[in-house]
Amino acid sequence: MRATLSENDQTAAVSSPIRALAAHPGYGHVNGYLDEVSATPRERLASVAATASTKFRYLVEGNRLNVEELDKFRAWALTQSPERADAAMASALANLGNNGSSAGAKAYELAVHYHGETGNDQILVHFIQSPNSYGKEKMLSLAERIKDPAVRGQAIEQLRNNPFISP
Numbered sequence: 027m028r029a030t031l032s033e034n035d036q037t038a039a040v041s042s043p044i045r046a047l048a049a050h051p052g053y054g055h056v057n058g059y060l061d062e063v064s065a066t067p068r069e070r071l072a073s074v075a076a077t078a079s080t081k082f083r084y085l086v087e088g089n090r091l092n093v094e095e096l097d098k099f100r101a102w103a104l105t106q107s108p109e110r111a112d113a114a115m116a117s118a119l120a121n122l123g124n125n126g127s128s129a130g131a132k133a134y135e136l137a138v139h140y141h142g143e144t145g146n147d148q149i150l151v152h153f154i155q156s157p158n159s160y161g162k163e164k165m166l167s168l169a170e171r172i173k174d175p176a177v178r179g180q181a182i183e184q185l186r187n188n189p190f191i192s193p
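Residue numbers (this note's numbering): 27 to 193.
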């Protein structure tokens with residue numbers, strides 16, 4: 027299959043079944059699949075993002091989105107794509123802001139928690155950059171938490187100049 031597809035199409039083809047596999051408890055089904063198809067690092071990254079999106083949605087629906095569940099996800103994601111695990115988690119959390127105010131509030135709280143735990147500014151950067159319905163003031167307050175002054179300044183400037191984010 028890989029010989030006939032572009033790199034982007036390969037990644038999409040490999041990560042597509044992940045959404046169904048991520049609906050199962052734990053990460054064993056996803057691991058087995060990725061190993062079976064000998065997923066490349068790029069395919070694993072896309073699969074981590076797809077797993078986060080699906081798994082977090084199910085956790086929200088079951089009112090189980092919490093630090094313990096995200097710790098499990100993060101531990102697994104670090105084995106698959108260590109350099110992008112936090113970014114995938116942050117983007118998936120940010121997207122929960124479009125699933126209602128309680129899901130959005132919990133996602134925001136968890137992003138702040140993981141930034142505090144890891145010190146990884148990219149968690150907040152990816153959270154801020156993902157399309158969401160949190161509003162400009164809330165995103166600006168999040169950007170103020172970014173430790174790196176250059177990254178913080180850039181994030182604040184982008185938020186202030188973005189006409190598509192509601193106040």
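Simulated from the structure, these hints should not be mistaken for laboratory data. None of the values given here were measured: they were computed from a predicted structure. Don't take every hint at face value.
To be verified - With a Cα cut of at most 30 Å, we get these calculated DSSO-like pairs of lysine-lysine:
| # | residue 1 | residue 2 |
| --- | --- | --- |
| 1 | Lys164 | Lys98 |
| 2 | Lys173 | Lys98 |
| 3 | Lys162 | Lys173 |
As the list claims (entries may be wrong) - With beta-carbon atoms standing in for the labels, derived distance ranges:
| # | residue 1 | residue 2 | range |
| --- | --- | --- | --- |
| 4 | Thr105 | Leu31 | 23 to 29 Å |
| 5 | Leu166 | Ser42 | 25 to 31 Å |
| 6 | Glu170 | Leu31 | 41 to 47 Å |
| 7 | Asn57 | Arg186 | 39 to 45 Å |
Yeah, the Cβ is synthetic: ideal placement off N, Cα and C, and Gly gets one too.
Structure-based check of all given hints:
1. Lys164 <-> Lys98: holds, 27 Å
2. Lys173 <-> Lys98: holds, 26 Å
3. Lys162 <-> Lys173: holds, 19 Å
4. Thr105 <-> Leu31: 23 to 29 Å: For Leu31 against Thr105, whose Cβ atoms are near 26 Å apart, the range 23 to 29 Å holds.
5. Leu166 <-> Ser42: 25 to 31 Å: violated, 36 Å
6. Glu170 <-> Leu31: 41 to 47 Å: holds, 43 Å
7. Asn57 <-> Arg186: 39 to 45 Å: holds, 42 Å
Violated hints amount to a single one, hint 5; each of the other numbered hints is respected by the structure.
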